[in-house]
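Here is what each chain is made of, one letter per residue.
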Amino acid sequence: MSGYRLGMDVGGTNTDAVVMDRDMNILGAAKYPTTPDIATGIFESMDRALSQSSVDPGEIECVMVGTTQCLDALEQRKRLARVGAIRIGLPCSVEVPPFTDWPWDLRAACEGGWAVVRGGFEYDGRPIADLDEAALGRALSEFKRKDLESIAITCVFSPVATAHERRAAEMVKRAFGPDFPVTLSHEIGSMGLIERENSALLNAALVKVADLAAGGLKRALLERGIAASCYFAQNDGSAMSLSCATKYPVLTIGSGAANSIKGAGFLSGLRDCIVIDVGGTSTYVGVLVKGCLRESVGATRIAGVRTNFRIPDVVSLNLGGGSVVSIDGVRARILDDSVGYELTRSALAWGGDTFTLTDAALALGKLAVKDPMCDRRRLDGIDTTLCRKALALVQKRIEDAIELVREGNQHAVAVLVGGASDMLPEYLSGVSEVYRPPHREYANAVGAAIARVSGQVDRLWVYGESQREETLRIVVAKAVEQAIKAGAAPGTVNVTEIEETPLSYLSENAVRVKVKASGEPS
Amino acid sequence: MYVDLPELEALRLGATVLGSGGGGDTYLSYLLAREAVKKKGPVRLLQVHELPDDALVIPTAMMGSPMIMNERVPSGKEALSSLRTVEKQLGLQALATMPIEVGGLNAFTALTAAAWGSLPVVDGDGMGRAFPELQMCTFHVYKVAGSPVAVTSEQGHSVVIESAENPMLERLARATVAGMGGVGYIAAYPMRGKQVKEASVAGTLSLGIRIGQELLSAERKRSHPAGALLDTFAQSTYGQGMVLLEGRVTGLERQRAKRVTVEGHESYARQTLEVEFRYENLIARLDGRVVSTVPELIVFLHYETGMPLLTEELRPGMRVICLSVPTPEITITDEALAVFGPRAFGYSCEFRSVKEDCWR
Chain A
1 MSGYRLGMDV GGTNTDAVVM DRDMNILGAA KYPTTPDIAT GIFESMDRAL SQSSVDPGEI
61 ECVMVGTTQC LDALEQRKRL ARVGAIRIGL PCSVEVPPFT DWPWDLRAAC EGGWAVVRGG
121 FEYDGRPIAD LDEAALGRAL SEFKRKDLES IAITCVFSPV ATAHERRAAE MVKRAFGPDF
181 PVTLSHEIGS MGLIERENSA LLNAALVKVA DLAAGGLKRA LLERGIAASC YFAQNDGSAM
241 SLSCATKYPV LTIGSGAANS IKGAGFLSGL RDCIVIDVGG TSTYVGVLVK GCLRESVGAT
301 RIAGVRTNFR IPDVVSLNLG GGSVVSIDGV RARILDDSVG YELTRSALAW GGDTFTLTDA
361 ALALGKLAVK DPMCDRRRLD GIDTTLCRKA LALVQKRIED AIELVREGNQ HAVAVLVGGA
421 SDMLPEYLSG VSEVYRPPHR EYANAVGAAI ARVSGQVDRL WVYGESQREE TLRIVVAKAV
481 EQAIKAGAAP GTVNVTEIEE TPLSYLSENA VRVKVKASGE PS
Chain B
1001 MYVDLPELEA LRLGATVLGS GGGGDTYLSY LLAREAVKKK GPVRLLQVHE LPDDALVIPT
1061 AMMGSPMIMN ERVPSGKEAL SSLRTVEKQL GLQALATMPI EVGGLNAFTA LTAAAWGSLP
1121 VVDGDGMGRA FPELQMCTFH VYKVAGSPVA VTSEQGHSVV IESAENPMLE RLARATVAGM
1181 GGVGYIAAYP MRGKQVKEAS VAGTLSLGIR IGQELLSAER KRSHPAGALL DTFAQSTYGQ
1241 GMVLLEGRVT GLERQRAKRV TVEGHESYAR QTLEVEFRYE NLIARLDGRV VSTVPELIVF
1301 LHYETGMPLL TEELRPGMRV ICLSVPTPEI TITDEALAVF GPRAFGYSCE FRSVKEDCWR
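Just so you know, the sequences run in chain order A and B.
Taking my numbering, the leading residue of the first sequence gets 1, the next gets one more, and so forth.
Taking my numbering, the leading residue of the second sequence gets 1001, the next gets one more, and so forth.
None of these hints come from the bench; they were simulated from the model.
Where a beta carbon is used, it is the ideal one built from N, C-alpha and C, also for glycine.
Mixed in with the good hints, there may be bad ones.
[Said to hold, decoys possible] Restraint-style ranges between C-beta atoms, simulated for each label pair:
id: 1; chain 1: B; residue 1: A1234; chain 2: A; residue 2: V413; range: 26 to 34 Å
id: 2; chain 1: B; residue 1: E1274; chain 2: A; residue 2: A227; range: 51 to 59 Å
id: 3; chain 1: A; residue 1: R345; chain 2: B; residue 2: D1004; range: 30 to 38 Å
id: 4; chain 1: B; residue 1: G1288; chain 2: A; residue 2: L404; range: 27 to 35 Å
id: 5; chain 1: A; residue 1: T501; chain 2: B; residue 2: G1179; range: 40 to 48 Å
[Stated by the list, open to error] Derived lysine-lysine pairs resembling DSS-like cross-links, with alpha carbons at most 25 Å apart:
id: 6; chain 1: A; residue 1: K516; chain 2: B; residue 2: K1258
id: 7; chain 1: A; residue 1: K247; chain 2: A; residue 2: K478
id: 8; chain 1: A; residue 1: K144; chain 2: A; residue 2: K218
id: 9; chain 1: B; residue 1: K1197; chain 2: B; residue 2: K1258
id: 10; chain 1: A; residue 1: K485; chain 2: A; residue 2: K514
id: 11; chain 1: B; residue 1: K1143; chain 2: B; residue 2: K1221
id: 12; chain 1: A; residue 1: K396; chain 2: B; residue 2: K1197
id: 13; chain 1: A; residue 1: K146; chain 2: A; residue 2: K218
id: 14; chain 1: A; residue 1: K514; chain 2: B; residue 2: K1258
Please model the entire structure based on the sequences and the hints provided.
Below, the structure is given as structure tokens:
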């Protein structure tokens, strides 16, 4: 057992790779612009990191990948699948049909039609009505005439009883073929029909993007003779197997932010800190509390859609090395647009015609870029006062974000990570100290590489005080089983979180139990 | 005044504040109200004093578990159907409906019923906040008969309950709701305009809308949400409240004793606040001393966003602002406190108003 692992981060601008050994020492690290086909960027950065580490590709035992591809696809409404929604639970409301309260453009990009049929369960698992298979069959033949690429099925109280969702999935597979992508809501979301359905619909919309990312990765690994087990990072910073990730891409949506925060904690050795990750397209400001990610509270909106899974609690800013600076007389303004992975073509220092924040930082000597194609002399004519003004704007926006995320009134250390973080000054208000750890430009990939593999169970149980212990034992066992199914090594799994929430305004003792377990990749 | 889409959006926040930590998440009820108003047009808000003395008003509400409602998404027409059932029982037509409970999701139940039924809604309710039981309301305190009560489920099942005793109505309605799977939509306490004037907390829907508007504007302006909120209450029949503490949640017990502990920071450093809750926040103790009790509003705001928090949204480590607001005179008379004061919730302490601390 060599124990080498490869951590990768496929971001909007760059693809990063790090090679680490069993003791989590960084042996090699590299960066390459993300390519539209995903695979090329992976190849290039992986090859460079591997040759730097002089580890043989065959010795890599596991590959952990974090990506913002899914989030970017939703935000940009690009490459989304056309989704059909099936809701089981008539006469439950048709007044609030699937896709209600979605941003219109996202809806236009992926809504393929919806149907509501009879069925569903009570909170204690008794059926409200039998699944109306005849109506479902009619809905499916209607769906057949539409150009659907994916279907999401949501049934009333499916987190308690899964039978109707599973039966409906069988019928979909029979009608559309065994490989047709089907998302079952109980596998993704928890209680709350609208939020769970939204999560399932977003997931269904992402299957093409997920296939592209997973395909690119598989091709790159195969070609380099890496036969390692492969994992994708998810929202809470833990990992799941590649096959899980292609089935549940929506669970990777917050992984970019989660990885940078965890990576920054690892690189700095700090368990409590503010993390500022300045990438090419965006900046995350988040917090590490006692070594854990702080998670969002209550419902979260993703790309404008209300969902109920938890994502890292970060402030994200449309701000990065590729952000476009607009000059208006003596004033500088930072636009929301970024040149993204075209930085090395469009930015002034590379001979392009777009003035970016990277150019401003280069002109002031705040940033060093190793790329031979980048020539600082191209910036000689630039007004440095304007550059300074642009960077002052960046500082102001980041300090505002620090104010939003910081805990209590004691000032914490700010750990600066990300490729463009060097353009930030030595001093930031709201923090006690600014720390720039080594390898900071690879924090995301490092965060992916150190992830544990996790599983979770979030279910409703009706139990009396006497059955509590017994119930918890069952739920814990299920969570451990989930972690192993997601790819954790059986001997290493332990429980990381137990949360019990009694249901309010109900006479019976119904309790929502959530258990998370995680272990080392197998 | 009419309630249209912007008012509904503001009411989401205002109703949560009035819920005092309980009353359920408002999102789904808000969506249902929005869909109803989109299809049927804005709902007219009738001031209590505008009501003719002999006008019939039938209040409406959702009863049961909000979480179950969030799974078994209703159409929003169930409460209207209960109202029609009560009308049939009485052989009379209602001029308007009104909320029984303005705190939480039930602020929207009556509005939604009103929209679907093309009825106006009375600007007031029977609690001025959220309470867990049907007889815990000023309607009951001031001798309005709850009967007949109609309960309708989203599956279309319907039950009519009659009893001369309001607490018995609560028991029977609760059992009916359990039989319907944990959630039902009711119409109860049918009354005349004269009774509405004597037995309701007036102006609470428009107050909820104003509070929400203030919170939204504080969010836009990035100004302190508590100030705007307290000012709005001070200009209403509720009166001047105060911030009890700003700090971080350090303890949270949800099993037997339900209690949240907050340690103060900055100007509240070294102070500890303990809030006991059941579904709503009920008793606030500052350094061991009771400073505010039910029926006063004890509200947690999320420090970073300024948004009101339900008790189930509280998490250890979370930064919060806790404030307390007195409630209108009609809710703190001896008769009222006997029905929903601290003792009605099993506490041995007497009612205590935050006003006593405000004047110090």
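Right, here's what the structure says about each hint:
1. Taken as a hint, the range 26 to 34 Å is violated for the pair A1234 (chain B) and V413 (chain A), whose Cβ atoms sit roughly 42 Å apart.
2. Evaluation of the 51 to 59 Å hint for E1274 (chain B) and A227 (chain A) yields a pass: the beta carbon distance comes to about 58 Å.
3. Restraint check, R345 (chain A) to D1004 (chain B): a C-beta distance of roughly 50 Å breaks the suggested window 30 to 38 Å.
4. The beta-carbon spacing between G1288 (chain B) and L404 (chain A), approximately 33 Å, falls within the hinted interval of 27 to 35 Å.
5. Hint check: T501 (chain A) to G1179 (chain B), Cβ distance near 24 Å, so the stated range 40 to 48 Å is violated.
6. Between the alpha carbons of K516 (chain A) and K1258 (chain B) the distance comes to roughly 24 Å, so the proposed pair stays at or under 25 Å and holds.
7. Restraint check for K247 (chain A) and K478 (chain A): the C-alpha separation of about 20 Å stays at or below 25 Å, so the hint holds.
8. Between the alpha carbons of K144 (chain A) and K218 (chain A) the distance comes to roughly 31 Å, so the proposed pair goes past 25 Å and is violated.
9. For the suggested pair K1197 (chain B) and K1258 (chain B), the alpha carbons sit about 36 Å apart, so the restraint of at most 25 Å is broken.
10. At roughly 17 Å between alpha-carbon atoms, K485 (chain A) and K514 (chain A) fall within 25 Å of each other, so this suggested pair holds.
11. Under the criterion of a C-alpha separation no larger than 25 Å, the hint pairing K1143 (chain B) with K1221 (chain B) is inconsistent with the structure, at around 45 Å.
12. Note on K396 (chain A) and K1197 (chain B): the hinted pairing is violated, with a Cα-Cα distance of about 54 Å set against a maximum of 25 Å.
13. A distance of roughly 31 Å separates the Cα atoms of K146 (chain A) and K218 (chain A); the hinted pair therefore is violated under the 25 Å criterion.
14. For the given pair, K514 (chain A) sits about 19 Å from K1258 (chain B) by alpha-carbon distance, which is consistent with the 25 Å threshold.
Violation of the numbered hints given earlier is confined to hints 1, 3, 5, 8, 9, 11, 12 and 13; the remaining hints are satisfied by the structure.
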